[in-house]
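Engineer: Start from the sequences, fold in the hints, and give me the full structure.
Chains as they are written, first to last, in my numbering: chain A, 4 to 142; chain B, 4 to 142; chain C, 4 to 142.
Do not rely on the hints blindly, as some may be mistaken.
Copies of the same chain look alike in the list, so a pair counts if it fits in one copy or across any two.
Straight-line distance between alpha carbons at most 20 Å, and here's what the computed EDC-like set of lysine to aspartate or glutamate pairs gives [as the list claims (entries may be wrong)]:
1. Lys133 - Glu20
2. Lys5 - Glu142
3. Lys72 - Glu14
4. Lys16 - Glu113
5. Lys133 - Asp57
6. Lys5 - Glu39
7. Lys16 - Glu89
8. Lys16 - Glu67
9. Lys5 - Glu111
10. Lys16 - Glu80
11. Lys5 - Asp86
12. Lys5 - Glu59
13. Lys9 - Glu59
Keep in mind the hints are simulated off the structure, nothing from the lab.
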Amino acid sequence: MKSFRKELWFETKTRREFVHITDQVQRAVHDSGVREGLCLVNAMHITASVFINDNERGLHGDYEHWLEKLAPHAPTEQYRHNDSGEDNADAHMKRQIMGREVVVAITEGELDLGPWESIFYGEFDGRRRKRALIKIIGE
Amino acid sequence: MKSFRKELWFETKTRREFVHITDQVQRAVHDSGVREGLCLVNAMHITASVFINDNERGLHGDYEHWLEKLAPHAPTEQYRHNDSGEDNADAHMKRQIMGREVVVAITEGELDLGPWESIFYGEFDGRRRKRALIKIIGE
Amino acid sequence: MKSFRKELWFETKTRREFVHITDQVQRAVHDSGVREGLCLVNAMHITASVFINDNERGLHGDYEHWLEKLAPHAPTEQYRHNDSGEDNADAHMKRQIMGREVVVAITEGELDLGPWESIFYGEFDGRRRKRALIKIIGE
Numbered sequence: 004m005k006s007f008r009k010e011l012w013f014e015t016k017t018r019r020e021f022v023h024i025t026d027q028v029q030r031a032v033h034d035s036g037v038r039e040g041l042c043l044v045n046a047m048h049i050t051a052s053v054f055i056n057d058n059e060r061g062l063h064g065d066y067e068h069w070l071e072k073l074a075p076h077a078p079t080e081q082y083r084h085n086d087s088g089e090d091n092a093d094a095h096m097k098r099q100i101m102g103r104e105v106v107v108a109i110t111e112g113e114l115d116l117g118p119w120e121s122i123f124y125g126e127f128d129g130r131r132r133k134r135a136l137i138k139i140i141g142e
Numbered sequence: 004m005k006s007f008r009k010e011l012w013f014e015t016k017t018r019r020e021f022v023h024i025t026d027q028v029q030r031a032v033h034d035s036g037v038r039e040g041l042c043l044v045n046a047m048h049i050t051a052s053v054f055i056n057d058n059e060r061g062l063h064g065d066y067e068h069w070l071e072k073l074a075p076h077a078p079t080e081q082y083r084h085n086d087s088g089e090d091n092a093d094a095h096m097k098r099q100i101m102g103r104e105v106v107v108a109i110t111e112g113e114l115d116l117g118p119w120e121s122i123f124y125g126e127f128d129g130r131r132r133k134r135a136l137i138k139i140i141g142e
Numbered sequence: 004m005k006s007f008r009k010e011l012w013f014e015t016k017t018r019r020e021f022v023h024i025t026d027q028v029q030r031a032v033h034d035s036g037v038r039e040g041l042c043l044v045n046a047m048h049i050t051a052s053v054f055i056n057d058n059e060r061g062l063h064g065d066y067e068h069w070l071e072k073l074a075p076h077a078p079t080e081q082y083r084h085n086d087s088g089e090d091n092a093d094a095h096m097k098r099q100i101m102g103r104e105v106v107v108a109i110t111e112g113e114l115d116l117g118p119w120e121s122i123f124y125g126e127f128d129g130r131r132r133k134r135a136l137i138k139i140i141g142e
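Structural biologist: Shown next, in the form of structure tokens:
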């Protein structure tokens, strides 16, 4: 069994942002030498997500608007988590809806994705250095 | 290490539908010959889910109603994704709540599920041929 | 390839509760002898979650309040699932938002978690014996 580990680092300019990372994950799969296996990609921070959906700008705006409706940032005093001086309680909720991680099959040395599946790092409390983890196991 | 791959194909008659696939996944586990390992099952489309919950018709109706409340289909013009001529932005959201994938343990050659755990393909934009992926690794 | 299986049992005193299980999962990783691999932790019940987020009491109260807003327990008659005499339809929904499972990388014999990542069992219909599954594969 082979295993491979790589961190991806991000520092978004805005509080919320979706970063397309399919190519970086695919490169890690190639670097791992794994032909058949599983590839885990997870946010290492609890106010961010890794998810798979469409690489379409309109949809990303819709997500932004929709998540804000389901878990509004303001007023920040509505959340007890923010009593400690934080203002990111909403980000902890948005991340639960979008998910922490994806597990993707590796087949014949490639990510085994459907035609429209793209992998994203979803940032909900950015403007600082944060990272995602890629872990690959297989043969 | 063994690995096994199989696609399940669906063409639902209605836009939204939950298809019970536990037996098909269990059959794939048997076909794989894996006794100890992990079984990934994921939608290969970004307007569909694979999830685990109750095989109970009343609950499925409740999900339908609840998801429609959290991410309404209409009016379709509320979503920028639909500006391109699509009408399925809501399906991209429903799928995030229900999740893309499940990872299930394989123990002694069987899916290691709790007593009420059933695996479903959740369709949110059907009436066309779509698929899920089963990938099994282990020994 | 090595594999390891362990069940964690819970009986919460209240209907809803978050139980911190990172240490128990870490111990299972040590017991497995796996140095490089993947660790799946999933609820074996469909009204409970395993998720990763902050070990912060204020946030947990926020989650409780937020989930109750997105999927209210009462009035219980609003859900067809409850027609069968159950009163836990809302728990099946809360669990979908928080997720069934997490998959965590194992690197050099330890859970490969970010600095604030903590693993929780999320109970939404407790006061009875229920369990989560830990399944580890690797080398």
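Engineer: Work down the list of hints and note, for each, if the structure agrees.
Structural biologist: Hints, one by one, checked against the model:
no., hint, verdict
1, Lys133 - Glu20, "within (13 Å within a copy, 29 Å between copies)"
2, Lys5 - Glu142, "both (5 Å within a copy, 9 Å between copies)"
3, Lys72 - Glu14, "neither (25 Å within a copy, 32 Å between copies)"
4, Lys16 - Glu113, "neither (31 Å within a copy, 33 Å between copies)"
5, Lys133 - Asp57, "between (23 Å within a copy, 16 Å between copies)"
6, Lys5 - Glu39, "both (10 Å within a copy, 9 Å between copies)"
7, Lys16 - Glu89, "within (19 Å within a copy, 30 Å between copies)"
8, Lys16 - Glu67, "within (16 Å within a copy, 31 Å between copies)"
9, Lys5 - Glu111, "both (15 Å within a copy, 13 Å between copies)"
10, Lys16 - Glu80, "neither (24 Å within a copy, 29 Å between copies)"
11, Lys5 - Asp86, "neither (45 Å within a copy, 45 Å between copies)"
12, Lys5 - Glu59, "neither (34 Å within a copy, 36 Å between copies)"
13, Lys9 - Glu59, "neither (26 Å within a copy, 28 Å between copies)"
Violated hints for the displayed structure, listed by number in ascending order: 3, 4, 10, 11, 12, 13.
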